[in-house]
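Those protein sequences? They're chains A and B, same order as listed.
So in my numbering, the last spot in the first sequence is 576, and the numbers never skip.
So in my numbering, the last spot in the second sequence is 363, and the numbers never skip.
Keep in mind that the hints are not guaranteed to be accurate.
What the hints assert, rightly or not - Derived pair list, reagent style BS3-like, types lysine-lysine, alpha-carbon separation capped at 25 Å:
#, chain 1, residue 1, chain 2, residue 2
1, A, Lys392, A, Lys358
2, A, Lys408, B, Lys124
3, A, Lys494, A, Lys403
4, A, Lys392, B, Lys124
5, A, Lys512, A, Lys494
6, A, Lys392, A, Lys494
I should point out that these hints are in silico values taken from the structure, not numbers from a laboratory.
Just so you know, these numbers come straight off a predicted model, no measurement behind them.
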Amino acid sequence: MSLLTLSDVKISYGGIQAVKGINISVAEGELVTLIGANGAGKTTTLKAISGMLKPYTGRITYDGKEIAGKPAHEIAQMGLALVPEGRGVFPGLTIEENLLMGAYHRRDKVAIAQDIEVAYTRFPRLKERAKQTAGTLSGGEQQMLAISRALMSRPKMLLLDEPSMGLAPIMVQKIFEVVREVAAQGMTILLIEQNAKLALQVSHRAYVMDGGLVSFEGRSADLLHDPRVREAYLGEAA
Amino acid sequence: MVRSYLPASIRHHPATLWVGVALIAISLIALPFALSMVGMAWVRITNLAILFALLALGLNIVVGFAGLLDLGYIAFYAVGAYVYALLASPHFGIHLPFWVILPIGALFACFFGVLLGSPTLKLRGDYLAIVTLGFGEIIRIFMNNLSEPWNITNGPKGITTIDSIKFLGLDFGTTSRFGDFALPGLIKYYYLLLFILMVVIIVNLRLQNSRVGRAWEAIREDELAARAMGINTTNMKLLAFAMGASFGGVAGGVFASIQSFISPESFTLTESVMILAMVVLGGMGNVWGVVLGAILLSFVPEILRYTVEPAQKALFGKQLIEAEVLRMLLFGLAMVVMMLYRPAGLLPSAVRQRELSRSES
Numbered sequence: 339m340s341l342l343t344l345s346d347v348k349i350s351y352g353g354i355q356a357v358k359g360i361n362i363s364v365a366e367g368e369l370v371t372l373i374g375a376n377g378a379g380k381t382t383t384l385k386a387i388s389g390m391l392k393p394y395t396g397r398i399t400y401d402g403k404e405i406a407g408k409p410a411h412e413i414a415q416m417g418l419a420l421v422p423e424g425r426g427v428f429p430g431l432t433i434e435e436n437l438l439m440g441a442y443h444r445r446d447k448v449a450i451a452q453d454i455e456v457a458y459t460r461f462p463r464l465k466e467r468a469k470q471t472a473g474t475l476s477g478g479e480q481q482m483l484a485i486s487r488a489l490m491s492r493p494k495m496l497l498l499d500e501p502s503m504g505l506a507p508i509m510v511q512k513i514f515e516v517v518r519e520v521a522a523q524g525m526t527i528l529l530i531e532q533n534a535k536l537a538l539q540v541s542h543r544a545y546v547m548d549g550g551l552v553s554f555e556g557r558s559a560d561l562l563h564d565p566r567v568r569e570a571y572l573g574e575a576a
Numbered sequence: 003m004v005r006s007y008l009p010a011s012i013r014h015h016p017a018t019l020w021v022g023v024a025l026i027a028i029s030l031i032a033l034p035f036a037l038s039m040v041g042m043a044w045v046r047i048t049n050l051a052i053l054f055a056l057l058a059l060g061l062n063i064v065v066g067f068a069g070l071l072d073l074g075y076i077a078f079y080a081v082g083a084y085v086y087a088l089l090a091s092p093h094f095g096i097h098l099p100f101w102v103i104l105p106i107g108a109l110f111a112c113f114f115g116v117l118l119g120s121p122t123l124k125l126r127g128d129y130l131a132i133v134t135l136g137f138g139e140i141i142r143i144f145m146n147n148l149s150e151p152w153n154i155t156n157g158p159k160g161i162t163t164i165d166s167i168k169f170l171g172l173d174f175g176t177t178s179r180f181g182d183f184a185l186p187g188l189i190k191y192y193y194l195l196l197f198i199l200m201v202v203i204i205v206n207l208r209l210q211n212s213r214v215g216r217a218w219e220a221i222r223e224d225e226l227a228a229r230a231m232g233i234n235t236t237n238m239k240l241l242a243f244a245m246g247a248s249f250g251g252v253a254g255g256v257f258a259s260i261q262s263f264i265s266p267e268s269f270t271l272t273e274s275v276m277i278l279a280m281v282v283l284g285g286m287g288n289v290w291g292v293v294l295g296a297i298l299l300s301f302v303p304e305i306l307r308y309t310v311e312p313a314q315k316a317l318f319g320k321q322l323i324e325a326e327v328l329r330m331l332l333f334g335l336a337m338v339v340m341m342l343y344r345p346a347g348l349l350p351s352a353v354r355q356r357e358l359s360r361s362e363s
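Chain A with its partners taken away, still in its complex shape (with noise of 0.2 Å):
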């Protein structure tokens, strides 16, 4: 059963259409990335499921329910989480206070310290750093933290917006290792990305972004050998 479903989302941005009606579906449990080129309309597509924009037409419904247009902060508490783009953690506050503000609307205080517990096996760097603000952690760590914190409210789904966005390719490897994780654990998510390559090896199902528009779809592993895939986006002669 497919947990989130955009049907014909239209977005304007400013006068200029920049998503021109797009079909996309995340089954429970799935990792899917949405891949493609600056401006091809990826994280415009995520403001609008994440609430942050309002589509002008289509629907976008989540868990049954119909979310396009709903504010940011009803769709998150939904159980929708969204790591910001360029990370968005709070920077003037530390690691362990950052972590309890993603658990904003728990109650739970037991469960909110395993969890914390939890984040700090994951990444154990941030344990190091708990009581250090976010502001002063590296860019790498300052996404494990984005992740860890939306994690801290148990969501029912994850949207990553770009997670390898200006990382070393080291740090890279590691936050699509935790994704990967993540995944495994029974996640569902929706990953962004530029970058396709890793994208397309972590993820179950992929839809390929261009000019506003779903140029391709299928499945991540068929899609790392389709040729056309391989020359536009994986910088490979096909």
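Keeping the supplied structure of chain A fixed, place chain B upon it in accordance with the hints.
Quick look at chain B alone, frame taken from chain A:
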């Protein structure tokens, strides 16, 4: 409850704590009598300092906690003062008791807080400052002109002979006598203000460590991320405006009754800036810092007023610089020195200090 806000060194020694609390309580109770020996004017100045501390704490909710720069805060003080004046003076012939009017004043100010907050939700920083500044001026100009066609505010002439507060058979406007013991009205106001100040301080401290306080913190740090955490940023910002405004409204009501006369002149932009300066000087977001800032900025000009002229006369035989001029000079100098050496204020809030040190690096 209160203990958790104290330094660990005191918290672990309950005896020290209670002795300290007792000493502070006794000195606060005795203070107005000591001051009245120097001159009743000093009791009045102290009362005004507490009023400013109330205002600064109210503004601290908006600026310090939620991070919304408000340059028109005095408008809420004005609303509270006018509500009190209109409901307890011969102007309309209405004379309601203060415990009825103060909540009405708070509610009215709260309403205006939301009125200012709702159209400015999407604004931040400089843009918000400009709109709030305009709002403050609009309220003042309204007060100045609402004398025609119906005379509501009596225009620039202001409202006179406002009722003093009466409570437990005591008239706060006059001296009460208990045998040989005389309790002047200003000292009664002092105790009332001290009580309100303590309530407002406790509310502030509680807010800071509450879920609401954390939501404000998140909004101040990164509004988009706060929304992604499921925080209703719209409501939280409106709440900050509403709470800050209602504190201002209460302070305004007490101000009107102490002065027994108000006019639009008391609610100018300069006052808004002064309150903001108190918050910034003391330490945005730190409750004790804000109180300290308010007390300093209320007392220093008064001390100057009483010392500058005699000091200059003694030194040079005549007055070279007027107290008012010197006050502005020192004020400017203090602000520059502060921004250079203690940008987060005299008693900075922990988070604010971290935010500032990060932006420097």
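Are A:Lys494 and A:Lys403 close enough, with their CA atoms no more than 25 Å apart? holds (14 Å)
Taking only the CA atoms, is the gap from A:Lys392 to B:Lys124 under or equal to 25 Å? Distance ~16 Å between A:Lys392 and B:Lys124 Cα, so the pair holds.
Against the 25 Å threshold, does the CA-CA distance of A:Lys392 and A:Lys494 hold or violate the hint? Satisfied, since the Cα-Cα distance of roughly 22 Å is no more than 25 Å.
Measure nothing beyond the straight line between the CA atoms of A:Lys392 and A:Lys358; if it is 25 Å or shorter, mark the hint as holding. Between A:Lys392 and A:Lys358 the Cα gap is close to 14 Å, so the pair holds against 25 Å.
Decide if the proposed pair is consistent with the structure: A:Lys408 and B:Lys124, CA atoms, cutoff 25 Å inclusive. holds (17 Å)
Between the alpha carbons of A:Lys512 and A:Lys494, is the straight-line distance 25 Å or under? holds (23 Å)
In this structure, every one of the numbered hints holds.
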